[in-house]
Amino acid sequence: MRLVVYNGSPRMQGSNSRILIQHFLDGYARFTGDSAAVAMIGKQGEREKHLELFRQSDHVIIVFPLYTDCMPGIVKAFFEELFELDHSERKHIGFIVQSGFPEAVQSVYVARYLEKLCTRLNAEYSGTVIRGGVEGLQMMPSWMTKRLLRKFEQLGEHYARTGAFSALLRAELARPFTLSPLRKLIVRLMAATGAANFYWNSRLKQHGAFGKRFARPFSRGPENGPTAADTSESSDT
Amino acid sequence: MRLTILDGAPPGTGTAWSRYLNDFTAVCRREHAADLFHLATMDLRYCRGCWNCWWTTPGECVINDEADTVLRSVINADLVVFASPLIAGFTSSLLKKVTDRLIVLVHPYIELRNGESHHMKRYERYPDFGVLLQKEACTDDDDVRIVSDIYDRLAVNFHSRVRFVRFREETTVGELRHAACGI
Ligand SMILES: Cc1cc2nc3c(=O)[nH]c(=O)nc-3n(C[C@H](O)[C@H](O)[C@H](O)COP(=O)(O)O)c2cc1C
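Those sequence lines, one after another, are chains G and R. For the first sequence, the positions run 794 to 1030 when the working numbering is used. For the second sequence, the positions run 149 to 331 when the working numbering is used.
Just so you know, not all the hints are guaranteed correct.
Straight-line Cα separation of at most 27 Å, DSSO-like style, residue types lysine-lysine; simulated pairs [what the hints assert, rightly or not]: (1) G:K939 <-> G:K884; (2) R:K283 <-> G:K909; (3) G:K977 <-> R:K283; (4) G:K998 <-> R:K269.
Hint data in this document are derived by calculation from the structure and do not stem from the laboratory.
Could you put the whole structure together from the sequences, leaning on the hints where they help?
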């Protein structure tokens, strides 16, 4: 198997995606001697290299964080480049989408797009692994993340063995799909006590910005009047 | 009413598209205020996911480019039109680049809405959304549903609603104006 894994996070080295990929590949390497290539989509000046890796591989996995309910802009730009390539050679393409919000349902809409994209690229769709609640990954103590990271290792190992994502692991990782009544209650309680905002508040305080947390810098004050922005020259009336 | 039109067409899209948007903007301006942004001609960078806009300079992005002009217009509009030809089944990366930057307009705190996690408002009110597309040779009904559903999701996160999804080649400028301005 010639596998390439793309990291579509704009955070690149500092990303949660990188950690998940690393564990996936640890598991992958445990089963096969084949090495897998890893590429950062966001890295400037590497476009040709990324496209060449795509051409050379028969298995492709694209990992990205959910950004405004879809793929990040850099990932969409990459898709546009892939779309321009010659697709006579059929590849297996799969995706791992991880998000800040805990429920997997947030990512199923973009997953429908990803499946359709594979048809456009004349590729075999290997499916989309969805994982919610990943934002705090790097702040959590290791006992909290151990099980999740272990699952990504198993996912990689299974992929090395079968060339596909494990349906069982995919289902497990996508939990919770929606919030259970109990979980909703917990979220409400945490919101009411302020515990839900702990992560953001501690960072706001750390940066001396807590007092400004409700700032509205773009509010149109009475002095501002209507904006007249127009970057076109021809459409002024 | 106030409109913000985000033209996400990449260079080389063709004159039919730009003429249509210019005409649409012009008819809207007869009675309304309308900002038209040709994103391809602006200095706009990709979001880096640094969260400075949420915890260092709340509500403001640290990237020094022309996004502020767009953001100010968006949050003060009654309707934002996301306009782009479909490319590989979705709106352009140029438009997505700006859509990612909209994150500064909401608050990091999370609340439950429709039983799901979503971000709290930063501003008192948010504009409605409209979507203007142009088909590719391969566009089918499924693509239209996928794109519409994703914009519906985006609207939920931005305390908004999608008022219309239209195709340039199937909608006259007058019809689009009606959908956008209701007259
Ligand atoms: C601009 C931006 C938009 C985001 N939009 C969403 C979203 O719509 N839904 C969601 O659940 N998380 C969203 N997130 C959170 C990321 O998906 C989450 O933090 C992820 O773990 C980041 O992964 P990374 O470190 O690999 O980039 C967004 C983050 C950023 C910076």
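Tested hints:
{"no.": "1", "hint": "G:K939 <-> G:K884", "verdict": "32 Å, violated"}
{"no.": "2", "hint": "R:K283 <-> G:K909", "verdict": "15 Å, holds"}
{"no.": "3", "hint": "G:K977 <-> R:K283", "verdict": "41 Å, violated"}
{"no.": "4", "hint": "G:K998 <-> R:K269", "verdict": "20 Å, holds"}
Going down the numbered hints, you'll see the structure goes against 1, 3, while the others check out.
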